[in-house]
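Protein chains: 2
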Amino acid sequence: MKIAVIGATGMAGRAIFEEATTRGHEVTAIVRNVEKARAELGAGATLLVSDIFDLKRATLEQFDVVVNAFANHKEAYLNLDAVTHLIHEFRQSETRVIFLLGAASLIQANGTRLFDFLVELPGNEAWIDEPRYGVLELDILRATPDVNWTGVSPQQNFTPGPASEHRIALNDLLLSADGKSHVTAGNMAVGVLDEIETPQHIRERFTVSDM
Amino acid sequence: MKIAVIGATGMAGRAIFEEATTRGHEVTAIVRNVEKARAELGAGATLLVSDIFDLKRATLEQFDVVVNAFANHKEAYLNLDAVTHLIHEFRQSETRVIFLLGAASLIQANGTRLFDFLVELPGNEAWIDEPRYGVLELDILRATPDVNWTGVSPQQNFTPGPASEHRIALNDLLLSADGKSHVTAGNMAVGVLDEIETPQHIRERFTVSDM
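These protein sequence lines are chains A and B, in that order.
Per the UniProt record's numbering, numbering through the first sequence is continuous, rising by one, with the last residue being 211.
Per the UniProt record's numbering, numbering through the second sequence is continuous, rising by one, with the last residue being 211.
For the record, the hints were derived by calculation from the structure and aren't laboratory data.
Please read all numbers here as calculations on a predicted model, not as lab measurements.
Okay, the calculated bits of chain A under chain B, using three or more residues with CB under 8 Å as the criterion: (1) 83-93; (2) 136-143.
Ranges between beta-carbon positions, derived for each pair: (3) ALA177(A) to ALA169(B): 54 to 64 Å; (4) MET211(B) to ARG57(A): 39 to 49 Å; (5) ARG23(B) to GLU94(A): 48 to 58 Å.
Backbone N, C-alpha and C define an ideal beta-carbon position, used for all residues, glycine too.
Isolated chain A (complex conformation) (with noise of 0.2 Å):
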């Protein structure tokens, strides 16, 4: 299939980016910086040079699956625009577009989001607008019937790391054998290839984390 990853110099477009080229896809990088991407994905990667709020639905129709791994940790109200500005050019679109998420709006055990546990940790203002606006990029695509949507969330810690063995559930905080949530980006990677190649969760939300 054609893919386009956009933001795959970040850890987890990256291993979506290697799984993808694995798997014998063929993968366009949608990326900023050239040297940075040529260094980090190969010279010979397919490089799409392009800011994410440039990008028109003439050029994200030209592939059969777009995946958003676009993540600002600092300017993180960036993440909400940019998903609400995919929405604007996916609309009444056919082409996929899987959104990646942050892990805040899955459910803990006690039925509350993880969330609802950051919000009230003391010193939290340095960090809590990405989980703040992650909770709200999924409640919009919620909102959105005319977007061939589906939504990824990672564990709580999303770690560097290879692919092991995973499991996937669609809004639960899951515990690994350790008794932590916890998912690598190379489990992630499967994860969003394996629902890439088989559709499972169309326009609804699922979580990968290591077994």
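Guided by the hints, dock chain B onto chain A, whose structure is given.
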């Protein structure tokens, strides 16, 4: 003041354009169709010809206040997309932006939103999207601390007509002397210009009603 009105050829936008002009402000109509704008606003109207989605920060920041009166009743998702586009462009900006919202997010006497009533009406499929997206627009604005925004809702019936007497509230659906919820475009324009000249509702929504 330098005021721009997006959607100045619509019912609300035109009334606001005219009220602002009458009060001596330096008013620019942001429109797509020059001929329509000249016909409706007069040959001397200052026009800026642009699609709302092409408006960028550098253009918008020429003004002291931008009023978003864009409204698409057939493709109501564009109203939401216009709001999120403007939020993106106005982040971290001092320039004020006033969003004309719908009435569906107003609170009825029984404590529920007008939308909660509308969504239960049989046969609402043809028009429920517009109030549904309108509610979401306000939710998103309320989650936007870094834009100098004000929201203004009409009442349930928003009709052509001149200014007479009006009153304002924050979030309540109001009943006029005839026991019905309505506001004319003329009264709405007076309420908006009063707010522009004497800011009372920074980062909140207010509503204007006929007396």
